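**Q** Each chain, written out:
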Amino acid sequence: MSAEPAEAEIPNGAAAAAILAAGAGCFAVSMLAWLGDAFPAIGHFFIFYTPTGPLSGVTTTAIATWLLAWFILAKAWGGKTLPMGRINAFAFLLLGLGLLLSFPPFGDLLQGK
Amino acid sequence: MQTSFRELITALHGMGFGAFFVFAFSGALIELYRIFAPERSSPLSAGERKGLRVYLVAMVLLGWSAVLSGAYLVYPWYRAHPPAGVTDLAGYPQRILMASPMTSGWHSLGMEWKEHVAWFAPIAMTMVAYVFITYGADLSRHRQVRKAVFVFALAAFGAAGVAGGVGALLNKRAPVQGGGIITLMEGKK
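The listed protein sequences derive, respectively, from chains A and B.
Each residue of the first sequence is one higher than the one before, counting from 1 in our numbering.
Each residue of the second sequence is one higher than the one before, counting from 1 in our numbering.
Just so you know, the hints here were simulated from the structure itself, not pulled from any lab data.
Treat the hints loosely; a few may be bogus.
[As the list claims (entries may be wrong)] Okay, the calculated beta carbon distance ranges per label pair:
#1 B:Leu-29 - A:Ala-38: 31 to 37 Å
#2 A:Lys-113 - B:Lys-189: 53 to 59 Å
#3 B:Leu-169 - A:Lys-75: 42 to 48 Å
#4 B:Ala-11 - A:Lys-80: 44 to 50 Å
#5 A:Gly-96 - B:Pro-38: 23 to 29 Å
#6 B:Ala-11 - A:Asp-108: 28 to 34 Å
#7 B:Pro-101 - A:Lys-80: 53 to 59 Å
#8 A:Lys-75 - B:Ala-84: 51 to 57 Å
#9 B:Ser-100 - A:Leu-97: 30 to 36 Å
#10 B:Arg-53 - A:Ala-64: 22 to 28 Å
Since the model is a prediction, treat every value here as computed from it, not as a measurement.
No residue lacks a Cβ here, since even glycine has one placed at the ideal position from N, Cα and C.
Start from the sequences, fold in the hints, and give me the full structure.
**A** Written as structure tokens, this is what we have:
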């Protein structure tokens with residue numbers, strides 16, 4: 001009596017794409033907000049919806065960046081098995097930098113305020 | 001017993017979408033920890049996995065509802081500028097906070113932090129839900145993927161906690177109010 005054959009492992013490419021894109025999306029929120037704060041012209045450019053001000057453009061652009069990164073990475077990595085340790089490290093770096101940059105005193109420090 | 005339209009929408013944003021989203025992390029993190037550290041806990045049954053899929057999708061919807069209602073409904077009322085000559089700042093919370101150095105930090109640190117870090121939570125939880133739904137039981141074979149999912153879920157919890165906590169404190173100091181008056185019920189004299 002033979003054991004049931006194990007199901008094939010799902011390659012980690014789809015997860016890798018989603019994880020790295022999420023890190024990029026979080027970083028994009030903070031980076032774009034910082035740019036808008038540091039450079040008035042960029043801040044003005046990000047006013048997509050006047051009542052909400054630059055926050056509308058910052059978050060819309062960050063979400064577009066996140067989804068575009070996810071789409072491109074998923075196309076490139078879907079069905080592949082990748083070195084997840086390195087991808088995680090990069091995703092955590094982006095997430096950490098995003099968190100740090102979102103804290104106003106740190107952003108002000110970088111701007112020399 | 002009356003409230004205003006803006007107070008009602010602000011409550012829906014913070015105490016409806018936001019608070020439910022933050023509270024939901026208690027259940028989600030416990031279940032995700034069971035997946036993250038299978039050697040230290042019992043594995044999820046097929047029924048539990050199905051339940052967690054629905055739970056995570058509900059969390060994603062709550063998270064996006066919280067940030068979108070905050071940015072496009074409540075925030076414009078918060079940051080509105082009073083017309084020239086207006087001295088009563090009751091309908092202009094940001095101006096109330098900025099009017100005194102004792103309270104301006106609630107805007108320059110509190111709101112400036114909250115309005116951006118809040119978006120981390122739905123972005124991260126969308127990824128968490130997607131990975132869980134896509135991989136299901138197969139996550140047990142992907143230790144590094146489980147690790148990333150758990151770390152991003154923790155970060156989302158932290159971000160949502162900052163946004164919710166700061167939001168609640170801000171609204172105590174400079175409440176968003178105004179708009180039409182809604183009478184919920186009439187009390188006895």
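**Q** Hint by hint, say whether it matches the structure.
**A** Hint check:
no.	hint	verdict
1	B:Leu-29 - A:Ala-38: 31 to 37 Å	35 Å, holds
2	A:Lys-113 - B:Lys-189: 53 to 59 Å	55 Å, holds
3	B:Leu-169 - A:Lys-75: 42 to 48 Å	44 Å, holds
4	B:Ala-11 - A:Lys-80: 44 to 50 Å	47 Å, holds
5	A:Gly-96 - B:Pro-38: 23 to 29 Å	26 Å, holds
6	B:Ala-11 - A:Asp-108: 28 to 34 Å	32 Å, holds
7	B:Pro-101 - A:Lys-80: 53 to 59 Å	56 Å, holds
8	A:Lys-75 - B:Ala-84: 51 to 57 Å	53 Å, holds
9	B:Ser-100 - A:Leu-97: 30 to 36 Å	33 Å, holds
10	B:Arg-53 - A:Ala-64: 22 to 28 Å	27 Å, holds
Going down the numbered hints, you'll see the structure goes against none, and every one checks out.
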